[in-house]
Amino acid sequence: MINKNILFLALLIFSANTIFAQSIVIKNATIYNGIDDNPFSGNILIEDGLIKKVSKSLIQGDQVIDADGKIVTPGFIASATEIGIVEIGALSVTRDDESNVYSIGFSIHDAFNPNSTLIPWNRSNGITSAITLPRNTSSPIGGLGSFFVLDSNLNIDSKQDMVMIGRIGGSSSSSRSEMLSLTDDILSFASSISAKDVRTNTDIDSLIDSSSIADYLELKPRDVKALFKLVNENMPLMISSNRASDILKLIELKKKYNLNLIIMGAQEATLVSRQIADSKIPLVVNPINNIPNSFDELAANKNLSSRLEDAGVLMMFNYGSHNSHLMRQGAGIAVANGMSYGGAIKALTSNVASSFNIEDRGSISPGKVADLVIWEADPLEPSSMPEKVFINGIDMDLTTRSTRLRDRYTKNFDKPNTYRN
Amino acid sequence: MHKNNTKLILLTALISISNISLAEKAPFESSYEPLPSTNTIFRNANIYDGEGNEFSETDLLIKDGKIIAMGTDLPGSPELIEVDASGKWITPGIIDIHSHMGVYSAPSVSSSSDGNESTSPITADVWAEHSIWTQDPQFALALKGGVTTFHVLPGSANLIGGRGVTAKNLQRNTINSMKFPNAPHTLKMACGENPKRVYGNRKQAPSTRMGNIAGYRKAWIEAESYLSRLDEYESKSDEAKEIGYKPKRDLELETLAGVLRGEILVHNHCYRAGEMAMMIDVAKEFNYKITAFHHAVEAYKIADLLAENNICAALWADWWGFKHEAYDMVQANVAIVDQARNGTGCAIVHSDSEIGIQHLNQEASKALSAGLKAGYKISKARAMKWITSNPAKAAGIYEETGSLQVGKNADVVLWSQNPFSVYALAEKVYIDGAIAFDKEKGLVPNSDFDLGILNPTKNRIQE
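As you go down the protein sequences, you meet chains A and B in turn.
The numbers in the numbering used here rise by one with no breaks, and the one at position 203 of the first sequence is 203.
The numbers in the numbering used here rise by one with no breaks, and the one at position 90 of the second sequence is 90.
Hints were generated in silico from the structure; no laboratory data involved.
Bear in mind that the values here come from a model prediction, so they are computed numbers and not experimental data.
Ideal Cβ positions, reconstructed from N, Cα and C, are used throughout, including at glycine.
Every clue listed holds true.
Below, computed lysine to any residue pairings styled on SDA-like, alpha-carbon distance capped at 25 Å:
hint, chain 1, residue 1, chain 2, residue 2
1, B, LYS393, B, ASP304
2, B, LYS439, A, ASP310
3, B, LYS373, A, GLY69
4, A, LYS411, B, LEU372
The following residues of chain A were derived to be distant from chain B, with all beta-carbon distances above 12 Å:
hint, residue
5, PRO39
6, ASP48
7, GLY49
8, LEU58
9, GLU98
10, TYR102
11, SER177
12, LEU182
13, SER354
What the simulated footprint calls covered on chain B by chain A, stretch by stretch (three residues with Cβ under 8 Å from a Cβ of chain A suffice, anywhere in the stretch; the number is not a length):
hint, stretch
14, 325 to 331
15, 456 to 463
Use the sequences and the hints to build the structure in full.
What follows is the structure, given as structure tokens:
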């Protein structure tokens, strides 16, 4: 058994090496590089999993793929998902997005399942990586999300605990004023933590004992460490919030504590777009959703993205989890309602990378990891699909459980269905 | 039982007039009146007619609420508004066969959560129309997406959830004045996880799928018995009726008997292939017809069976994974249903979503694209049926709307470009030949909810 495993491992390493040894050139591509607003015709050299060269003139390579003028974009990055930690929404045994013990420092990282069916499905639709988040906790801020590469590799390629989340808004249990005060108190406590306070768990325990807010929230050492990281390591704090007045309060908190703040939802952002732009706060929005779903979202409107773009606000798009890829359709709707095409592509790629400190991905430029998609047609038309998806420079298989089921019921009727493909 | 002869005679007289109708006079009748007609001739349009045909550079004339003519170089007239539709597209008004607008209004708050009477697994007595809040701001959003008619159902908590209602998308103060005149009533039934979860959690039946099936059968047995008592009474001579007892009205059984008499159309929420097959058996046992399965994520597994039984499947393009019975999603589901038995299947793209209803054209586009990738040859003109004539048939209003046939209601959408593109926007929407939305002229309905709610001097949405 052991021998078999070693052999398998050796084979894996060997085959991975052979893939990496080969250079790939994608030629005749219409490149949206995620940086420039307009596309250009060019060629891309991929080597050792990285983009080595992007050029308008011809490049030599071991393997040449003719894109035939088709659009090539960076792999899209889903900015707020449950990919890998929720398989079936209504089945709690397949959900790993909640903790009964930890609050602020709850990390979903180790629960990530690279074999989740959501991964090939979203990948086949052009999503190459994702930020996966826990559910909001009872605390207004708390819970740590991680970044994952969607290559279905059991050897997980991730950035652990790279964002803290939170929520400020209308609630059936308490006033938003209480939420804001509590957030202020938590951040004040976080700012008071020094490096020596968090050297050992004993140090942390005594810190908790000396802080009424930490004591009240029953914080654990992991929670305190997360707060220390938030304040001292410029960790993004992504708060779900929609009402214009709440957004302004969050801007105050950002200034007071020098936070790396991102706001998600932001349905009323158009009412305070100048202040958001001035404070350089990136937003995660879902351009498909124009429903005034709560009294916090009354200004919800299909022209949200276009108006925010005009105001100079940096945006990222998101759309749920199982179909995170539908953020493409959202981007198309944003463009139909006035947003620029290049801006929409950035909202799916480089804006996510820059806002979340994902330095090595999100654009087609030399030195970046080769996460690329060759599209059969316009990527913002939900009817058009990727022809090829590269992750870490590897040409991914685009089969999904869904296409397997489709083929079983549309082809080869010679045998009973359970004996087909 | 107290007997009132005068009343009885009156009732008898009414029964003999209506002959088969269960209630003596249909209560809550539609009082819908169209807006004044906008008699219009569209010039040089590209047209999907909703019957599977595509025309280019064609004129369309609508007058006095109806489709009058379609053709090239139609004669104009000074009293007609001329619309240059060159490079643009015209389709029938979009119809959503699965909506909860008004029963789950926006904002989504407990005071507006009126879609599930989840206090008993059989609530055939409740009517979705009685829950509808006509000031729901979502109606206008759907109108901007080209939706002219929609069918509102109760939710799926119950085995038999109650009656649905078909309405015109013209927001008014009463639901009666929005109801589609003479549209048949419908009945919402639900399979699978939802009823068994809702009632099983309360340690009451049904808590299993076999409990679900037993629940439907018991209800239909009661309905059969009620119907035979009614039939027996109604077959009597007028003299015998005067001295006999009329079976007491029963709201629940009236609805079920209406199904057994073929007057009320069954719309059955059901995901799994095996369960749909069982529901077909239940329908055969009690001799009623299922008009459409809704959601039907596994319809592709039994597409032939659905076609053979003349049952439509109302589907999403790509929703999946939110529960176990929605796990086996195939994007070609709509196309597979459509193409079953040599293209005799009835596929519908539905929304079940106040977001999705705003771009059913895009949902159809995704479903079409998946169908083409699965190897089917389906035209865009045919795919347009999935959101027009097919839902019209399933709602029982196909004679009046759902396609651009001459004589039908002029429910028409003018699109900025091909509606299968994400960039297409509805520019003008007509209901019964009257303009209800005009993007260019800023003619947009705003519900009472939208007025002055963020800023007293403005409407909620700033275009």
